[in-house]
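Asks: One letter stands for each residue in the lines below.
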Amino acid sequence: MKARIHVTLKNGVLDPQGKAIEHTLGSLGFAGVNQARQGKFIELDLEETDKAKAHEAVTAMCEKLLANTVIENYSIDLEQ
Amino acid sequence: MKAAVIVFPGSNCDRDIQVALRQSMGSEPQMVWHKDADFDSVDLICLPGGFSYGDYLRCGAMSAKSPVMKEVIARANKGVPVLGICNGFQILAESGLVPGALMRNAGLKFVCRDLHLKVERNDSIFTSGYAAGQTIRIPVAHHDGNYFVDSEGLKALEDNNQVAFRYCGADGTVDLANNPNGSLNNIAGVYNAKGNVLGMMPHPERLCDAALGGTDGRAMFESLVAALS
Chain V
1 MKARIHVTLK
11 NGVLDPQGKA
21 IEHTLGSLGF
31 AGVNQARQGK
41 FIELDLEETD
51 KAKAHEAVTA
61 MCEKLLANTV
71 IENYSIDLEQ
Chain W
81 MKAAVIVFPG
91 SNCDRDIQVA
101 LRQSMGSEPQ
111 MVWHKDADFD
121 SVDLICLPGG
131 FSYGDYLRCG
141 AMSAKSPVMK
151 EVIARANKGV
161 PVLGICNGFQ
171 ILAESGLVPG
181 ALMRNAGLKF
191 VCRDLHLKVE
201 RNDSIFTSGY
211 AAGQTIRIPV
221 AHHDGNYFVD
231 SEGLKALEDN
241 NQVAFRYCGA
251 DGTVDLANNP
261 NGSLNNIAGV
271 YNAKGNVLGM
281 MPHPERLCDA
291 ALGGTDGRAM
301 FESLVAALS
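Residue numbers (our numbering), protein chains in the order written: chain V, 1 to 80; chain W, 81 to 309.
Keep in mind that the hints were calculated from the coordinates and are not lab data. Be a bit skeptical, because a hint or two may be false.
Said to hold, decoys possible - Label-pair ranges, simulated between beta-carbon atoms:
#1 V:Gly-18 / W:Asp-251: 26 to 36 Å
#2 W:Glu-232 / V:Ala-20: 27 to 37 Å
#3 V:Gly-26 / W:Asp-120: 49 to 59 Å
#4 V:Asn-11 / W:Asn-240: 25 to 35 Å
#5 W:Ser-309 / V:Asn-11: 46 to 56 Å
Stated by the list, open to error - Within a straight-line C-alpha distance of at most 30 Å, the following computed DSS-like cross-link-like pairs (lysine-lysine) qualify:
#6 W:Lys-82 / W:Lys-150
#7 V:Lys-64 / W:Lys-115
#8 V:Lys-53 / W:Lys-150
#9 W:Lys-235 / W:Lys-82
#10 W:Lys-274 / W:Lys-235
#11 V:Lys-40 / V:Lys-51
#12 W:Lys-235 / W:Lys-158
#13 W:Lys-115 / V:Lys-10
#14 V:Lys-40 / W:Lys-145
#15 V:Lys-53 / V:Lys-40
#16 V:Lys-10 / W:Lys-82
#17 V:Lys-64 / W:Lys-274
#18 V:Lys-51 / V:Lys-19
#19 W:Lys-274 / W:Lys-189
#20 W:Lys-235 / V:Lys-10
#21 W:Lys-115 / W:Lys-274
#22 W:Lys-235 / V:Lys-19
#23 W:Lys-115 / W:Lys-158
#24 W:Lys-145 / V:Lys-2
#25 V:Lys-53 / W:Lys-145
#26 W:Lys-235 / V:Lys-64
What the hints assert, rightly or not - Only some residues are given here: those of chain V computed to face chain W with a beta carbon under 8 Å:
#27 Val-13
#28 Leu-14
#29 Pro-16
#30 Gln-17
#31 Ala-20
#32 Ile-21
#33 Leu-44
#34 Leu-65
#35 Asn-68
Virtual Cβ for every residue (Gly too), placed ideally from N, Cα, C.
Let's have the full structure, built from the sequences with the hints guiding it.
Replies: Written out as structure tokens, the structure is:
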């Protein structure tokens, strides 16, 4: 099973890199970008075949290592 | 007094702390490789600056899960003093020994220069050699020193006097103009709730010898020697 994890900064946490991306897009002439937020994408290849168990395991991985929950949120997508 | 300096792959200020401790203690600190979880009983554990594990994932994230950190966390929870400088502060935050997180500098630039710090309190084992409110000159060198904690956490830090140092001007003014990295409330260093763990971004170990351009960092190591000998 594949787990795809997005880690993003929480709302309200200043994202200077996202701000710089937003600014540069504007200066390149791309209009209409209201906000840019930068995050991380992590893909895991799991041996687990049970979706519920996989979700539980990946959640623990996010809490323990993959995300810093002081500043970051994470979302998990599982695909057989 | 006995001290240990934990050395991670990518640490680069370990020998600076070693020299600062040697000069203040008059004896050799123990250098502990990150894979050695069973090191001698010591009075002080130092986590040095650098770029441990290449800052992979997040600064300090990998080191915080290394075998030696399990032992450091256990000893810190028993009251052993722990000093984390720069990357050491990031490791302390990632391991939960001090509250908050260190994010990318608000200006996105690596900041490497001497700046001024206000010593918030001197009733700590780390700062008894300073005066409360004293302004000291200490170098910083970091890309991710932007201190963040949620509003509840920030209030708790301020209410419990857990802020150790704030970035300020040469005259002691704490304001936005003297904030090098966007840290909330100009925070440059914090204590844990018990006060036995200090994490700070600036490098006192780099200004302990007049030959290096200043000695404002030396009082921290002398404070520790006075408290722990």
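Asks: A separate judgement is required for each hint: does it hold in the structure or not?
Replies: Cross-check of the supplied hints:
1. Taking the beta carbon of each, Gly-18 of chain V and Asp-251 of chain W are about 35 Å apart, inside 26 to 36 Å as hinted.
2. Against the hinted window of 27 to 37 Å, the Cβ-Cβ separation of Glu-232 of chain W and Ala-20 of chain V comes to about 29 Å, which satisfies the hint.
3. Against the hinted window of 49 to 59 Å, the Cβ-Cβ separation of Gly-26 of chain V and Asp-120 of chain W comes to about 57 Å, which satisfies the hint.
4. The given range of 25 to 35 Å is respected by Asn-11 of chain V and Asn-240 of chain W, whose C-beta atoms sit roughly 27 Å from each other.
5. At about 49 Å, the CB distance of Ser-309 of chain W to Asn-11 of chain V agrees with the hint of 46 to 56 Å.
6. For the hint pairing Lys-82 of chain W with Lys-150 of chain W, the CA-to-CA distance comes to about 20 Å; that is within 30 Å, so the pair holds.
7. For the hint linking Lys-64 of chain V to Lys-115 of chain W, the alpha-carbon distance of about 20 Å falls within 30 Å, and the restraint holds.
8. At most 30 Å may separate the alpha-carbon atoms for a hinted pair to count; Lys-53 of chain V and Lys-150 of chain W meet this at roughly 27 Å.
9. Among the hinted pairs, Lys-235 of chain W with Lys-82 of chain W is inconsistent with the structure: their alpha-carbon atoms are about 35 Å apart, more than 30 Å.
10. For the hint pairing Lys-274 of chain W with Lys-235 of chain W, the CA-to-CA distance comes to about 17 Å; that is within 30 Å, so the pair holds.
11. For a cut-off of 30 Å, the pair hint linking Lys-40 of chain V to Lys-51 of chain V stands: about 23 Å separates their Cα positions.
12. Proximity of Lys-235 of chain W to Lys-158 of chain W is assessed by CA-CA distance (about 26 Å); at most 30 Å being required, the pair is judged to hold.
13. A C-alpha spacing of about 33 Å is found between Lys-115 of chain W and Lys-10 of chain V, which places the hinted pair above 30 Å, so the restraint is violated.
14. With a CA separation close to 20 Å, the supplied pair Lys-40 of chain V and Lys-145 of chain W stays within the 30 Å bound.
15. With a CA separation close to 23 Å, the supplied pair Lys-53 of chain V and Lys-40 of chain V stays within the 30 Å bound.
16. Taking the CA atoms of Lys-10 of chain V and Lys-82 of chain W, the gap is near 42 Å; set against the 30 Å cutoff, the hint is violated.
17. Proposed proximity of Lys-64 of chain V and Lys-274 of chain W is supported: the alpha carbons are some 24 Å apart, at most 30 Å.
18. Our distance criterion of 30 Å between C-alpha atoms is broken by Lys-51 of chain V and Lys-19 of chain V, whose separation comes to about 36 Å.
19. Annotation: proposed proximity of Lys-274 of chain W to Lys-189 of chain W is violated, straight-line Cα distance about 34 Å (limit 30 Å).
20. With a CA separation close to 19 Å, the supplied pair Lys-235 of chain W and Lys-10 of chain V stays within the 30 Å bound.
21. For the proposed pair Lys-115 of chain W and Lys-274 of chain W, the alpha carbon gap of about 27 Å is at most 30 Å, so the pair holds.
22. Restraint check for Lys-235 of chain W and Lys-19 of chain V: the C-alpha separation of about 27 Å stays at or below 30 Å, so the hint holds.
23. With a C-alpha separation of about 21 Å, the suggested pairing of Lys-115 of chain W with Lys-158 of chain W holds against the 30 Å cut-off.
24. Between the alpha carbons of Lys-145 of chain W and Lys-2 of chain V the distance comes to roughly 24 Å, so the proposed pair stays at or under 30 Å and holds.
25. For a cut-off of 30 Å, the pair hint linking Lys-53 of chain V to Lys-145 of chain W stands: about 23 Å separates their Cα positions.
26. Between Lys-235 of chain W and Lys-64 of chain V the CA atoms are separated by roughly 26 Å; this keeps the pair inside 30 Å, and the hint holds.
27. For Val-13 of chain V, the interface hint holds, since its Cβ comes within 8 Å of a Cβ in chain W; the closest pair sits about 6 Å apart.
28. Proximity of Leu-14 of chain V to chain W holds as hinted, the smallest CB-CB distance being about 7 Å (cut-off 8 Å).
29. Look at Pro-16 of chain V: its Cβ gets to within about 5 Å of chain W, closer than 8 Å, so that hint holds up.
30. Taking 8 Å as the C-beta contact cut-off toward chain W, the hint placing Gln-17 of chain V at the interface holds, the least distance being around 6 Å.
31. This hint holds: Ala-20 of chain V has a C-beta 6 Å from the nearest C-beta of chain W, less than the 8 Å allowed.
32. Given the 8 Å rule on beta carbons, the hint for Ile-21 of chain V is violated: about 11 Å separates it from the nearest Cβ of chain W.
33. The restraint placing Leu-44 of chain V at the interface with chain W is violated, with a minimum CB-CB distance near 13 Å, outside the 8 Å limit.
34. Interface restraint check for Leu-65 of chain V: the shortest CB-CB distance to chain W comes to about 6 Å, inside 8 Å, so the restraint holds.
35. At a threshold of 8 Å, the smallest CB-CB gap from Asn-68 of chain V to chain W is about 6 Å, leaving the interface hint in force.
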